[in-house]
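If you read the sequence shown in full-length UniProt numbering, its first letter stands for residue 1, the second for the next number, and so on.
Watch out, some of these pointers could steer you wrong.
Result set (SDA-like, lysine to any residue): computed pairs, CA atoms no more than 20 Å apart in a straight line [what the hints assert, rightly or not]:
#, residue 1, residue 2
1, Lys107, Cys61
2, Lys180, Asp30
3, Lys107, Leu55
4, Lys180, Gln193
5, Lys180, Gly203
6, Lys180, Thr143
So the derived label-pair ranges between C-beta atoms look like this [what the hints assert, rightly or not]:
#, residue 1, residue 2, range
7, Val181, Glu16, 26 to 32 Å
8, Thr99, Arg17, 56 to 62 Å
9, Phe54, Phe82, 38 to 44 Å
10, Gly57, Arg126, 28 to 34 Å
By construction, these hints were calculated from the structure, which means they are not laboratory data. For each residue, glycine too, the CB sits at the ideal point set by N, CA and C.
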Amino acid sequence: MPEHLSSTEDFFALAERVDNNARVRVVTGDSDASRLEPDPEAVVGAISSPGQQFLGGVVLCAVSVLAVYVITFNAWDEDGFFPWYWNVVWTLFPWFFLTPVWLGYAKSLRRQACARRFAAGFEEFRARAVRVAGTVENVHVMTSESGRVIRLAAEIGCGAQGPLVVLTTQISLLQTEVPKVGAPAHVWIGPDQQTKVVQIASGVAEPPEPGADVVDSSAMLAELHSSGALSDEEYQKAKQRLLG
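Could you build all of it, start to finish, from the sequences and the hints given here?
So, in structure tokens, the structure goes:
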């Protein structure tokens with residue numbers, strides 16, 4: 001099993017040491033990890049305006065009121081037919097579902113407020129930040145049920161700066177795209193010596209290994225070619241068709 005897939009406990013243990021002033025981006029595709037993009041959303045993700053967040057809160061309030069009305073008020077026992085705890089249970093029941101949603105909304109408010117502050121000073125940060133070469137020393141991930149990586153925690157060695165632990169927001173990577181231990185990391189340190197941006201190139205997605213039937217067919221083609229039953233051109237065409 002790859003080291004970065006060892007356990008969820010390892011992920012949380014590493015995430016507990018995260019530097020809250022550091023932001024990390026796993027750079028995929030042909031983008032250059034050593035270049036800091038001018039768009040702050042490339043680093044912190046999509047940024048919502050206060051108006052959009054207020055609208056989200058209004059919608060959440062409406063949903064909460066509707067849920068309480070449908071569940072609690074419709075189940076309310078005014079005649080005392082059911083035991084005394086009946087009304088208590090149905091008063092609390094909708095909040096088992098609504099409380100996590102409200103907590104997530106509160107976290108998003110704090111996260112978006114931090115993202116807007118970061119975006120406001122990002123131009124100055126790009127102009128004045130010092131880039132330091134680093135190395136990925138430790139990586140652990142959290143995966144979804146489909147097997148894709150949705151969170152990544154990494155420990156970055158920065159020489160004299162000491163180790164730096166960073167944690168991504170929600171991402172979606174193949175497991176083969178997770179940066180490997182020893183991979184280079186690019187660290188920008190702001191003039192306040194607190195704000196940091198880390199960019200790491202993703203790992204290379206490895207092609208799937210050929211199945212046993214493909215291996216057997218390839219060996220048969222090689223034998224036919226060696227015996228002279230297939231010309232060089234016929235052999236190459238047949239091999240291309242086999243491998244797709």
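**Asked** If you draw a straight line from the CA of Lys180 to the CA of Asp30, is it 20 Å or shorter?
**Response** holds (17 Å)
**Message:** Lys180 and Gln193 were given as a pair; does the straight-line alpha-carbon distance stay at or below 20 Å?
**Reply:** violated (27 Å)
**Prompt:** Straight-line Cα separation of Lys107 and Cys61 no greater than 20 Å?
**Reply:** holds (16 Å)
**Asked** Is the hinted pair Lys107 and Leu55 satisfied, with a Cα-Cα distance of at most 20 Å?
**Response** Answer holds: Lys107 to Leu55 is near 16 Å, not above 20 Å.
**Request:** Hint says 26 to 32 Å; check whether the CB-CB distance for Val181 and Glu16 agrees.
**Result:** Violated - the Cβ-Cβ distance for Val181 and Glu16, about 19 Å, lies outside 26 to 32 Å.
**Item:** Straight-line alpha-carbon gap Lys180 to Gly203, limit 20 Å
**Value:** holds (7 Å)
**Item:** Arg17 and Thr99 - C-beta distance against the hinted 56 to 62 Å
**Value:** violated (28 Å)
**Restraint status (C-alpha distance of Lys180 to Thr143 at most 20 Å)** = holds (16 Å)
**Request:** Could you say whether the range 38 to 44 Å given as a hint is met by the Cβ separation of Phe54 and Phe82?
**Result:** With a Cβ separation near 40 Å, Phe54 and Phe82 satisfy 38 to 44 Å, so the hint holds.
**Request:** Kindly confirm whether 28 to 34 Å is satisfied by the beta carbon distance between Gly57 and Arg126.
**Result:** holds (32 Å)
The earlier numbered hints that this structure contradicts are 4, 7, 8.
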